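Could you put together the complete structure from these sequences and hints?
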Amino acid sequence: MAPAIMLAADAPKLSSANTGFMLIASALVLLMTPGLAFFYGGMVRVKSTLNMLMMSFISMGIVTILWVLYGFSMSFGTDHGSLIGWTSDFVGWTGIGKMDLWPGYTIPVFVFAVFQMMFAIITPALISGALADRVKFSAWAVFLVLWVTIVYFPVAHWVWGTGGWAYELGVIDFAGGTAVHINAGAAALGVILVIGKRVGFKKDPMRPHSLPLVMLGAGLLWFGWFGFNAGSWLGNDDGVGPLMFVNTQIATAAAMLAWLGYEKIRHGACTTLGAASGAVAGLVAITPSGGAVTPLGAIAVGAIAGVACAAAVGLKFRLGYDDSLDVVGVHMVGGIIGSLLIGFFASGKGQSTATGVFYGDHSFTQLWKQCAGVGGVLAYSLIVSAVLAFLLDKTIGMRVTQDEEISGIDRAEHAESAYDYSGAGGGVLGSALSAAAGAAGGKPSENQGDKKSGKQTKKVDA
Amino acid sequence: MKLITAVVKPYRLDEIKEALQSFGVHGLTVTEASGYGRQRGHTEVYRGAEYTVDLVPKIRIEVLTEDDDAEELIETIAKAARTGKIGDGKVWSVPVETAVRVRTGERGPDAL
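Chain order of the listed sequences is A and B.
For the first sequence, position 51 (counting from the first letter as 1) is numbered 67 according to our numbering, and the numbering increases by one without interruption.
For the second sequence, position 17 (counting from the first letter as 1) is numbered 62 according to our numbering, and the numbering increases by one without interruption.
If you are wondering where the hints come from, they were derived from the structure by calculation, not from laboratory data.
A quick note: this is a predicted structure, and the numbers were derived from the prediction, not measured.
Be aware that a few hints might be false.
[What the hints assert, rightly or not] Covered stretches of chain A (chain B as the covering partner; in silico rule of three or more C-beta atoms under 8 Å from a C-beta of chain B):
id, region
1, 209-217
2, 285-291
3, 325-333
Even for Gly, the Cβ is constructed at its ideal location relative to N, Cα and C.
In structure tokens:
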């Protein structure tokens, strides 16, 4: 986030260019959440596709409401003890006038608040990838409410809120390397250590069911990320927003190539999933650093992140934790790499004059600051998320039954199937079977033996 | 009568169909199948995790024929399906008690 540089003599006036740009950037960031849903949804097996999509979509519902009610106030209200914000005018957004400007900037408070809302939505959605196939939808919804309240809202204040400890310390996190990616990755790790592995982890093949869906999701993420990153400067009067924009593209390209090169050497093929994953790893790593590094620095950040994340995703098999879709391996590791590399590659010519080890007087000062930010957020999120998951597991239960997990969480939790194969090819048999079942007064045959969808006896297609 | 079943590589289907047509076979049934023989499956890599996929896509061709033609028909199919590489598949025959042409009610060899 940009430091609030404001002189009393020339208080900023509303800029329609910045306001328009920020509204579009907000919509771009929102699009990342459905993009993420497809990215994750394609990676799971057919039987849990819809649950994966819904875990992201539900965040757009729940977090939007919470952000308006109290989240924005907790993250960006007046600082209390460097840990939390609170401004009663921000509660329910009742005290915000439509022409009130965000202090130090040329955009209305509403625009800033809605832009930040989109970050609060996608951050918990990122966690869901680690929990694939096995978490009760109701438990996930409750977890979402508690997690954003206890973890995301305070951490966003630490990192971006005036008075937050990391912000005041001078930790650089342009668009969310710590507050979003390390935060979500560490939370994912905390939760999966508590709830355990999927049935059949390391034994059954768990291949992605649709790589085209993964590529579509990765493409939407890449596109939306320009709003996420360039928008985080809240305007572009000093050229930092455009620098961030170009660095986003550069690092992502470098990371995708690096991941593909790594796996070509290690495994003999350039995979589609590798290209998508490498791109996301690059996007993650440039998120905190893109305002501080040069375009050549962005190539380095992307390439390092691409190789490191490609190596990190294998760790789960060796260490035995089921980070199902590699939220830890890509988001936590990528976020750490990007945040720490600021300590080496910050040129002093971007968002601030702080320089990394390779520039200026070759001081380690910024690197230590970055370590403090990374360590603080990582530890807090990991521990609190694990405790939350533990408490929920002991009360309402986090996981579906083993039977439901094996036969598919989509039907158990959502009473739907992602695809109707009977209609897709050789359709005669499928429709004949379900029509026969309907005529006999029964349910469509695919629902039989499923106690939840047993309630629904109406035939879908007559 | 005999039922000849062939489980072969999918891309050989056209060759086999042509061979059967020139042999004078007027009908056949094809289904998609999967399985493995001596060649086993293949390996796929997802984010560095290698999966052995045991089942390989195959097609199953079924043809009803008169006893006298069976041997020659098996040869014809095998020849058309052959690539010389491992995984070419199998062809076999079993005796069939009866067959009925649904439209006319003809039975036995007349139904073929």
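Against the structure, the hints:
{"no.": "1", "hint": "209-217", "result": "violated (count 0)"}
{"no.": "2", "hint": "285-291", "result": "holds (count 4)"}
{"no.": "3", "hint": "325-333", "result": "holds (count 4)"}
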